[in-house]
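Here is what each chain is made of, one letter per residue.
Number of protein chains: 2
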Amino acid sequence: MTERPVFIVSDRSGLTAETISHTLLSQFPGIQFSQVAMPFVDTKEKVSEAVDQINDQAQRSGQRPLVFTTFVDENFTESLATADAEVFDLFEPFISRIELALGQQSSHQPGQSHGIANLVQYSQRINAVNYAMHCDDGLHPRDYAKANLILLGASRSGKTPTCLYLALQFGFYTANYPLTEEDFARDELPSSILDHRDKVFGLTIDPARLHQIRSERRPDSKYASLKQCRLDVNAARQMYQRYRIPHCDSTNYSVEELGSTIKHQMGLQSALY
Amino acid sequence: MTERPVFIVSDRSGLTAETISHTLLSQFPGIQFSQVAMPFVDTKEKVSEAVDQINDQAQRSGQRPLVFTTFVDENFTESLATADAEVFDLFEPFISRIELALGQQSSHQPGQSHGIANLVQYSQRINAVNYAMHCDDGLHPRDYAKANLILLGASRSGKTPTCLYLALQFGFYTANYPLTEEDFARDELPSSILDHRDKVFGLTIDPARLHQIRSERRPDSKYASLKQCRLDVNAARQMYQRYRIPHCDSTNYSVEELGSTIKHQMGLQSALY
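For the protein sequence lines, the chains are A and B, in the order given.
Under this note's numbering, read the first sequence as residues 368 to 640, first letter to last.
Under this note's numbering, read the second sequence as residues 368 to 640, first letter to last.
One chain only, chain A, in its complex shape (with noise of 0.2 angstroms):
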């Protein structure tokens, strides 16, 4: 099948651009876009050598490229536009009306989506992702005092990369414990979480879910057989259940929309803006 192509053309990193263009044409699962990112493009001779590459594109496959921007000079949106490709300017059908509801021109710099570097936000974050770390997998409770959050789950469940999803995004202090059959057995949570009791959320699993995952790290072992699996989940949810503790399914959710309905679910602001 042809692909269609499709460029993403920025004078920045290009990431704004980028995840409304892949929500845009997730809408139209039928199509195979191949595509490319071109961040960065911040000179009027950058601009021509985009729209050069576009059109030899547009020519070579024999399709009309889609192209995303996000051009705050309003030249190089012009420039582009020449190009021999459908052209979406992501912000302009937006900026004019909300320069009337506000009663003020927008300031035509570029983008600061991404939170440049004041140094206060710039340590929290950092400051987060350490703490991510210094905390995970059940190491050091003993500062689960600083703790904005701490996820609980069977071995494999997703907390880790969500606990850095929650750090890096957020600015969320974010430690993990993995729930074992050691605190299974005991049928009661460790001191250390009790006393953070309203800092504490729960990550559930389909077992046979959690079954593959484990097996790529242990084939064939007793960790990851199924009726383990099923085990440590079935425990950890009455665990919940038992001390009421929210918590999620993570099977279907990648780590963003884990993330961002943990964030909901337990009424925390973001620390970053």
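Please keep in mind that the hints were generated in silico from the structure rather than gathered at the bench.
What you are looking at is a predicted structure, and each value in this text was computed from that prediction instead of being measured.
Backbone N, C-alpha and C define an ideal beta-carbon position, used for all residues, glycine too.
Incorrect hints may appear among the rest.
What the hints assert, rightly or not - Here's a subset of chain B near chain A, in silico, CB distances under 7 angstroms, partners left out:
{"#": "1", "residue": "PRO406"}
{"#": "2", "residue": "THR449"}
{"#": "3", "residue": "GLU453"}
{"#": "4", "residue": "PRO528"}
{"#": "5", "residue": "LEU531"}
{"#": "6", "residue": "GLU623"}
Fit chain B to the known structure of chain A by using the hints.
Leaving out everything else, chain B in the frame of chain A:
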């Protein structure tokens, strides 16, 4: 100063809508916004509740709120538009043009922008995150063969969060190695690095900024002194020049921008889609 109320309403996590609206509003630096995220608004009842909450806020603040939404269900969008607010449907201006360009109707299914849950991608991310933690701060150099990328830099120049971001966002196996006085004294990179020179990328940072960051951690130490920071940063730069290691300055970049810059300069393609 009164803050202009902003609502971000979504049937899923709302991350895309949050990113877009944040970028759009950053074009109006003179205005203070108070932003409320309303994720997982996925029933008629929840939409009504959202409308009530928005109207409430409009009345209380005496200011017409801005509302950003990415509903897939057009009925939800229509209900939301009845609110006493300026409602921006972030996808609508593009979807019909894309339908036309592609000659196909959009699926009107909730976006899969954050790449839910196919096992291969999930594993790639998780494994990349685990790798980044395993090879953080110079640990396990024997496993550099598996790396997609090895970041170098003086202590606290931003390596760890950048590695974790690259792992989460793009699924890259990213190690990091701190350049220390030992390396500078030998005036040579260790063989573990030289064996993988094509994967190496260096971070530099403004010495004054590094001084601030290190002072947070160990105030008034030799380590944090401006003099030591200058020495370390200069020695690292010389190392990069000598070995022709591509590098960039992390001072004015967010973690996201740094990640995109490195990906771009190293010619890496995301492992995730």
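We went through each hint and held it up to the structure:
Annotation: PRO406 (chain B) was flagged as interfacial toward chain A, and the flag holds, the nearest CB pair being 5 angstroms apart, inside 7 angstroms. Interface restraint check: THR449 (chain B) against chain A, minimum CB-CB distance 17 angstroms, threshold 7 angstroms, status violated. Look at GLU453 (chain B): its Cβ gets to within about 5 angstroms of chain A, closer than 7 angstroms, so that hint holds up. For PRO528 (chain B), the interface hint holds, since its Cβ comes within 7 angstroms of a Cβ in chain A; the closest pair sits about 5 angstroms apart.
The restraint placing LEU531 (chain B) at the interface with chain A holds, with a minimum CB-CB distance near 5 angstroms, inside the 7 angstroms limit. About 4 angstroms separates the beta-carbon of GLU623 (chain B) from the nearest beta-carbon of chain A, less than 7 angstroms, and the hint is met.
This entry does not satisfy hint 2, going by the numbered hints stated previously; all others are met.
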